[in-house]
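One letter stands for each residue in the lines below.
There are 2 protein chains.
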Amino acid sequence: MLNFDFYAPARILFGKDSHKQIGELLKPLTGKALLHYGGGSIKKNGIYDAVTASLAASGISYVELGGVVPNPRLSLVHEGIALCREKGVDLILAVGGGSAIDSAKAIAMGAYYDGDVWDIYEQNKSIDKALPVATILTIPAAGSESSGDTVITNEEKQLKLGYGSPRLRPLLSVINPEFFYTLPKNQIANGVADMMSHVFERYFTNTTHTDLTDGLCETVLRTIMRNAPIVLNDPADYDAWSEVGFGGTVAHNGLVGMGRAQDWACHMMEHELSAIYDVAHGAGLAVLTPAWMEYVYRDNINMFVQFAVNVMGVDGSFRDPDAIVREGIDRLRRFFRRMELPSTLSGLGIDGSRLEEMAKKATGAAFGEEYPIGGLKKLGWQDVLAIYKLAQ
Amino acid sequence: MLNFDFYAPARILFGKDSHKQIGELLKPLTGKALLHYGGGSIKKNGIYDAVTASLAASGISYVELGGVVPNPRLSLVHEGIALCREKGVDLILAVGGGSAIDSAKAIAMGAYYDGDVWDIYEQNKSIDKALPVATILTIPAAGSESSGDTVITNEEKQLKLGYGSPRLRPLLSVINPEFFYTLPKNQIANGVADMMSHVFERYFTNTTHTDLTDGLCETVLRTIMRNAPIVLNDPADYDAWSEVGFGGTVAHNGLVGMGRAQDWACHMMEHELSAIYDVAHGAGLAVLTPAWMEYVYRDNINMFVQFAVNVMGVDGSFRDPDAIVREGIDRLRRFFRRMELPSTLSGLGIDGSRLEEMAKKATGAAFGEEYPIGGLKKLGWQDVLAIYKLAQ
Numbered sequence: 027m028l029n030f031d032f033y034a035p036a037r038i039l040f041g042k043d044s045h046k047q048i049g050e051l052l053k054p055l056t057g058k059a060l061l062h063y064g065g066g067s068i069k070k071n072g073i074y075d076a077v078t079a080s081l082a083a084s085g086i087s088y089v090e091l092g093g094v095v096p097n098p099r100l101s102l103v104h105e106g107i108a109l110c111r112e113k114g115v116d117l118i119l120a121v122g123g124g125s126a127i128d129s130a131k132a133i134a135m136g137a138y139y140d141g142d143v144w145d146i147y148e149q150n151k152s153i154d155k156a157l158p159v160a161t162i163l164t165i166p167a168a169g170s171e172s173s174g175d176t177v178i179t180n181e182e183k184q185l186k187l188g189y190g191s192p193r194l195r196p197l198l199s200v201i202n203p204e205f206f207y208t209l210p211k212n213q214i215a216n217g218v219a220d221m222m223s224h225v226f227e228r229y230f231t232n233t234t235h236t237d238l239t240d241g242l243c244e245t246v247l248r249t250i251m252r253n254a255p256i257v258l259n260d261p262a263d264y265d266a267w268s269e270v271g272f273g274g275t276v277a278h279n280g281l282v283g284m285g286r287a288q289d290w291a292c293h294m295m296e297h298e299l300s301a302i303y304d305v306a307h308g309a310g311l312a313v314l315t316p317a318w319m320e321y322v323y324r325d326n327i328n329m330f331v332q333f334a335v336n337v338m339g340v341d342g343s344f345r346d347p348d349a350i351v352r353e354g355i356d357r358l359r360r361f362f363r364r365m366e367l368p369s370t371l372s373g374l375g376i377d378g379s380r381l382e383e384m385a386k387k388a389t390g391a392a393f394g395e396e397y398p399i400g401g402l403k404k405l406g407w408q409d410v411l412a413i414y415k416l417a418q
Numbered sequence: 027m028l029n030f031d032f033y034a035p036a037r038i039l040f041g042k043d044s045h046k047q048i049g050e051l052l053k054p055l056t057g058k059a060l061l062h063y064g065g066g067s068i069k070k071n072g073i074y075d076a077v078t079a080s081l082a083a084s085g086i087s088y089v090e091l092g093g094v095v096p097n098p099r100l101s102l103v104h105e106g107i108a109l110c111r112e113k114g115v116d117l118i119l120a121v122g123g124g125s126a127i128d129s130a131k132a133i134a135m136g137a138y139y140d141g142d143v144w145d146i147y148e149q150n151k152s153i154d155k156a157l158p159v160a161t162i163l164t165i166p167a168a169g170s171e172s173s174g175d176t177v178i179t180n181e182e183k184q185l186k187l188g189y190g191s192p193r194l195r196p197l198l199s200v201i202n203p204e205f206f207y208t209l210p211k212n213q214i215a216n217g218v219a220d221m222m223s224h225v226f227e228r229y230f231t232n233t234t235h236t237d238l239t240d241g242l243c244e245t246v247l248r249t250i251m252r253n254a255p256i257v258l259n260d261p262a263d264y265d266a267w268s269e270v271g272f273g274g275t276v277a278h279n280g281l282v283g284m285g286r287a288q289d290w291a292c293h294m295m296e297h298e299l300s301a302i303y304d305v306a307h308g309a310g311l312a313v314l315t316p317a318w319m320e321y322v323y324r325d326n327i328n329m330f331v332q333f334a335v336n337v338m339g340v341d342g343s344f345r346d347p348d349a350i351v352r353e354g355i356d357r358l359r360r361f362f363r364r365m366e367l368p369s370t371l372s373g374l375g376i377d378g379s380r381l382e383e384m385a386k387k388a389t390g391a392a393f394g395e396e397y398p399i400g401g402l403k404k405l406g407w408q409d410v411l412a413i414y415k416l417a418q
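Protein chains in written order, with my numbering: chain Y, 27 to 418; chain U, 27 to 418.
To be clear, the hints were calculated from the coordinates, so they are not data collected in a lab. No experiment lies behind these values; they were computed from the predicted model shown. Where hints are given, some of them may not hold.
Heads up, the list lumps identical chains together, so a pair's fine if it works in one copy or across two of them.
Result set (DSSO-like, lysine-lysine): computed pairs, CA atoms no more than 27 Å apart in a straight line [what the hints assert, rightly or not]: (1) 46 x 155; (2) 113 x 53; (3) 151 x 53; (4) 155 x 53; (5) 403 x 113; (6) 211 x 155; (7) 58 x 155; (8) 42 x 69; (9) 70 x 415; (10) 42 x 155; (11) 386 x 113; (12) 386 x 211.
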């Protein structure tokens, strides 16, 4: 186990009607809030009305900024920063999924930054101040409701970059599984692939003596995989949504990765797909993850045997390790298909024309010096290209 | 799954040399600290010197109060409160196990309470202010380094009472597994029994649809039980201590019990033993827990079959549920014996003379109205007496 520094201060209010407490809880914390959200869905499904009713009941003053899109854009972040400064906003309440929350975090740090907030992403600048962020989660996926991470797309530069700071961890997140009932199937499936990937990126490691976090990772994965097909089939199943929703939060609050060298190659490879083709992050991960596994597993075959047996339920006896791992990867592919997720780049509408460009961007080779990505196996741009080709 | 409110803001700094950062981390937070600890062990094993060196290097001003004993006493808490007021202490740094930390929490809330701090325990009063508490853990057991709980013994009244508030959660806890190397065998074993009990109290429930937290509980238990015999045999095994130490923190930071009705009958029954006979809390739990299981398992036999199979490794096929559960309980008893823990009340030096008195105190019957204890099965004083007798 490696040394670690665990800090997950976000208070999680979970369950039916939990959103009704938001006004009361925020009242002592804000004089003027920014209500930040996406498109019209929360207005159609009643969530907007329920949340604003709670804010009104507590007499909370707020301004609004909607319009967050998947792969949230820098331009809207700029707009939000200007609005916060102009109106004297002191807290941001994001209502939505990872996109709205990530956009809120960008605005929260941008409000105190003297310059273009994109600098912070591009130069990985340290920040010492950000507006407090609270969230009401409407799509379980990104885990942004408890993490200090934010990913923003610079649409002019066709770049999608992530940034993380403990100062960006939400102070409070409300998770009401009933809010997930109206999600379309593809959003459910993309969210599930994303939260599973958050565990995979931490789970696959060369660090040894990791009994506890191995077990935590495996439990979160098994729980999500057991319950996700249930909600895909019946999006109004409260109990199954509770497991998936809670699982998505635990997947990304940091705990399951403590003391382990982490990987994150799949996330970095996927960000290139999303930046250029604007594909859903989870769908991209579902395509790339099995291909990545095939490409890297021989570098730590014991770890992948453990995955196949403990997570995918492969019988680990009387077979050679390669066969066990391949059966595990195959079962993962079948699980993603059962979730109606694409299994190839072409299924995502991505042809072979820009694979090399993306591989070079993902590893920095496009911008001068190459920085190999990944933890379990270090991947240069040619490795990344090989994985993209495996996923075609 | 039940609605829940999860809040675990304690930052956990974990690993070799992590204590060397304490001065630097506390510097911005305190003008004058109280250094609170137990007997002489931290002076003999070098921990006191290492911690005070870090405080001195950062120029932190502090006063000291040692002398905390297991089952920490109200009288020392009173002394600490007076000291904090007199010296203008603004933060308490507890160096020790659960006793030092629980005592620090009592002082932290007592410093702002206008009256005897014992009132807060006895009347379960709500508090809105407490001094911040940081901890350096030297005995992994109580989980107090991340919880908002404190248990204090009123030696005059022979009463041991617990109290919990989110305001008592430490802001920072340092866990260096090397600090556990000099623990005597009985403290190692008592600590292990205590942390396992923190999971048991949350795990055994009648709440349904608890896939994720079932799995988290089972993983924490398996990890502790796999590694505890290793450290008992070789107290300088860093890797095994890392698993046990981290496991003890996760066991009690709240996460594994979220959304579940909890039990806590064993803890309440044990507090009576400790209050009268001053036995080690963990040893008392190791004696009472299997007896409690025997007495209650038929009320939710599926839960206990799951425990026997998933935690104790009992083969769940081709046998009747009673036999599976009894084998699971038997294996737990064998595990405690392997940890060289007592298995009966007489092994703790407790005879039958005051069992009824303790049963009536545990359930409130001694003070007028009876309040049955426990969650999975409600226990009146006659049930508690029966469990004490099973444990004789």
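Q) Is it within, between, both, or neither for residue 386 and residue 211, if the alpha carbons may be no more than 27 Å apart? A) neither (33 Å within a copy, 56 Å between copies)
Q. Is it within, between, both, or neither for residue 211 and residue 155, if the alpha carbons may be no more than 27 Å apart?
A. For residue 211 and residue 155, the Cα distance exceeds 27 Å both inside one copy (38 Å) and across copies (47 Å).
Q) Given identical chains, is residue 386 near residue 113, meaning Cα to Cα at most 27 Å, within a copy, between copies, both, or neither? A) neither (42 Å within a copy, 61 Å between copies)
Q: Have a look at residue 70 and residue 415 and pick one of within, between, both or neither, based on CA distance no larger than 27 Å.
A: For residue 70 and residue 415, neither the intra-copy (41 Å) nor the inter-copy (62 Å) Cα distance is at most 27 Å.
Q: Tell me, please, which holds for residue 58 and residue 155 at an alpha-carbon limit of 27 Å: within, between, both or neither?
A: Intra 18 Å, inter 26 Å, cutoff 27 Å: intra and inter.
Q: Check residue 155 against residue 53 for me: Cα-Cα at most 27 Å, and say if that holds within a copy, between copies, both or neither.
A: The answer is both: 21 Å in one copy and 19 Å across copies each meet 27 Å.
Q. How would you label the pair residue 151, residue 53 (within, between, both, or neither) given a Cα cut-off of 27 Å?
A. between (32 Å within a copy, 24 Å between copies)
Q) When no copy is named, should residue 403 and residue 113 be tagged within, between, both, or neither for a Cα gap of at most 27 Å? A) Neither: 48 Å inside a copy, 55 Å across copies.
Q. Given identical chains, is residue 46 near residue 155, meaning Cα to Cα at most 27 Å, within a copy, between copies, both, or neither?
A. between (29 Å within a copy, 26 Å between copies)
Q | Within, between, both or neither: residue 42, residue 155 at alpha-carbon 27 Å | A | neither (33 Å within a copy, 30 Å between copies)
Q: Measure nothing new, just compare the shortest in-copy and cross-copy C-alpha distances for residue 113 and residue 53 to 27 Å and report within, between, both or neither.
A: Within one copy, since 18 Å is at most 27 Å while 35 Å is not.
Q. From the Cα coordinates, with 27 Å as the cut-off, is the pair residue 42 and residue 69 best called within, between, both, or neither?
A. Within one copy, since 19 Å is at most 27 Å while 51 Å is not.
When each numbered hint is compared with the structure, violations occur for hints 5, 6, 9, 10, 11, 12.
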